[in-house]
Amino acid sequence: MEKSPNQITEDLLRPLLRTSPKYYFAVALLAAVVVVAFAAFGYQAYSGLGVSGLRRPVFWGFYITNFVFWIGISHAGTLISAILRLANATWRRPVTRCAEVITVFALSIGAMFPVIHLGRPWLAFWLIPYPSERQIWPNFRSPLVWDFFAINTYLIGSVAFLTLPILPDWALVRDKASGWRKRVYGFLSLGWRGTPRQWSRLESAMHIMAIVIIPVAVSVHTIVSWDFAMAPVPMWHSTIFGPYFVAGAIFSGIAALILAMACLRKFLHLEDYLKPLHFDNLGKLLLMMSLLWFYFVFAERLTTWYGNEPSEMAVFWTTQQGAYAPLFWTMVFCNFLLPFPILAIKRLRTITGTVIASTAVVAGMWLERFLIIVPSLSHKFLPYNWGTYRPTWVEITIMVGTFAGMALLYALFAKAVPIISIWELKLGLHEKSEVRSQETEGRGKLAFGGQEKLET
Amino acid sequence: MKLSTKKRPLYGLIAEFDNPDDLLAAAHRAHAEGYRRMDAFTPLPVEGLAEAVGFVSTRLPLVVLIGGLCGCIGGFLLQYYPNVMDYPLNIGGKPLDSWPAFIPVTFELTILGAALFAVFGMLAMNGLPTPYHPVFNAPRFELASRNRFFLCIKARDPRFDLEKTRQFMTGLKAREVSEVEV
Chain A
10 MEKSPNQITE DLLRPLLRTS PKYYFAVALL AAVVVVAFAA FGYQAYSGLG
60 VSGLRRPVFW GFYITNFVFW IGISHAGTLI SAILRLANAT WRRPVTRCAE
110 VITVFALSIG AMFPVIHLGR PWLAFWLIPY PSERQIWPNF RSPLVWDFFA
160 INTYLIGSVA FLTLPILPDW ALVRDKASGW RKRVYGFLSL GWRGTPRQWS
210 RLESAMHIMA IVIIPVAVSV HTIVSWDFAM APVPMWHSTI FGPYFVAGAI
260 FSGIAALILA MACLRKFLHL EDYLKPLHFD NLGKLLLMMS LLWFYFVFAE
310 RLTTWYGNEP SEMAVFWTTQ QGAYAPLFWT MVFCNFLLPF PILAIKRLRT
360 ITGTVIASTA VVAGMWLERF LIIVPSLSHK FLPYNWGTYR PTWVEITIMV
410 GTFAGMALLY ALFAKAVPII SIWELKLGLH EKSEVRSQET EGRGKLAFGG
460 QEKLET
Chain B
4 MKLSTKKRPL YGLIAEFDNP DDLLAAAHRA HAEGYRRMDA FTPLPVEGLA
54 EAVGFVSTRL PLVVLIGGLC GCIGGFLLQY YPNVMDYPLN IGGKPLDSWP
104 AFIPVTFELT ILGAALFAVF GMLAMNGLPT PYHPVFNAPR FELASRNRFF
154 LCIKARDPRF DLEKTRQFMT GLKAREVSEV EV
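Respectively, the protein sequence lines represent chains A and B.
Under our numbering, the first residue of the first sequence is numbered 10, with each subsequent residue one higher.
Under our numbering, the first residue of the second sequence is numbered 4, with each subsequent residue one higher.
I should point out that these hints are in silico values taken from the structure, not numbers from a laboratory.
The structure presented is a predicted model; accordingly, all values stated were derived computationally and were not measured.
Don't take each hint at face value.
[As the list claims (entries may be wrong)] Partial list, computed: chain A residues near chain B (C-beta under 7 Å):
(1) Pro14
(2) Asp20
(3) Ser187
(4) Glu212
(5) Leu346
Backbone N, C-alpha and C fix where the C-beta goes; we use that ideal spot for every residue, glycine too.
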């Protein structure tokens, strides 16, 4: 049964205007975890990096794993949404905003990790090129500086891409709400009136943003991969890393999007908007990325094995059958062996099925990032320099804190902004009814007008 | 209908419609009638409405191109100036102007410039933020973001005449025609 435009307004504004005690409880719980994580970071900043598990030779541990992981998750949104917009996939409408939000928050969290990882995090601003009394500039030939520019461009672009289509929805909330909400949303909506000129420019800006954001998203994870590939470390120094990282990022991003949509559907009662169709379609995308990911892992392993470089083979065997083998085979299970049958068999590609597969993929992709970083660093060229890595409670707390932080930010966002773009949904209905009325000569037109029940 | 007794100047007349098709038809008729200074307010983009109220095309793409070029040139100079002119430093025997290494940052800043110009260009050309606008005084205008479609003929229009225009607008399938004060 299709919803009427008024029903859409009512359903999607409900979370903004009504809040249950359970919501406050959940937010308080998540905020508490985040506060603990910040305290752990404060402890580390005060005492020094020695309280973490980072030791010679493994100086990149959980922090950089989480950095790569979260930047990867951020490819859910902007990239998928931009591609679906440009391809004009009509089923995209309820999905795009949920996805774009993931990008903005996952990217903010990911970008924090290099700073957490610094011995003196208060000097992070040295990455910004500006004429200073120090008289030195960042080394622009270093991928770490490229990272700074790529991630910030991606973040600013994603915020813009997310905010542009929110403007008319904020205007809707402004006109519907009363009291302090009216004032806040009146301020946020900037006096949007919905004139044809405004719509035309807004749609034009959205279209341009969708085009320019795709190469940025691809470049971001490519540059992250160059942080590794440009270093002469066994199994890092590889030309495959760029596409390998991007494929993995999109893979984990789609999985994160499916999980976020399942949570929204359950907690905000959006069963009529986020339908099995959306999970089915995203499940197919996930299946495709799972195959692609498996191909890349296979290609990476095959070329290493065939090349038979002794220093690389040391890393190779430690992941295949040595100390890291349990993690490696768990990763293969989570990223391929489990999701592949679930997603390939149509009967299993249900909401529950895709959620199970996505949970496995998120865990598997985290392991992948870990397995790229730690085994290589702990088995560098000379055996006297071999070592191991064990995270301390500080790293684990901060990592758990980022997951809670993601959930917290998402929950707060869903309270402040309609999580599904209302006007785009109405536009979709309108376009569909236009087509239908052409077929049936005027019958079956969409009925605007009428009154809503929900008042505030 | 009784005329307003207050002496405030008039911004225009606004008509409320139930659906986009009636609004579009009304805009076309108003245009045919010779009205040029009019505007519409809709909760979703209506195809063909921009042309109907006399809006040809947006120059936003040009603005974005300029933004992208600024970002591109600025981004390259941002790296060229410190490395070649301000503080030449031999790093690994590479030439000072090792431009291939400058491409990633140049590319990112090109996109950043384009994106910022797209967003702020859109806002500026749309006159946003608009803290006050007369149409917000129109009765029931809060429905313009929800489920009603409004057409406003401005008093500035040379053909505007309160009584005649009101009569014309009432005959347009409008639910209601009302005055908007400045």
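Status of the hints after comparison with the structure:
no., hint, in the structure
1, Pro14, "6 Å, holds"
2, Asp20, "13 Å, violated"
3, Ser187, "10 Å, violated"
4, Glu212, "6 Å, holds"
5, Leu346, "36 Å, violated"
When the structure is compared with the earlier hints, violations turn up for hints 2, 3 and 5 and for no others.
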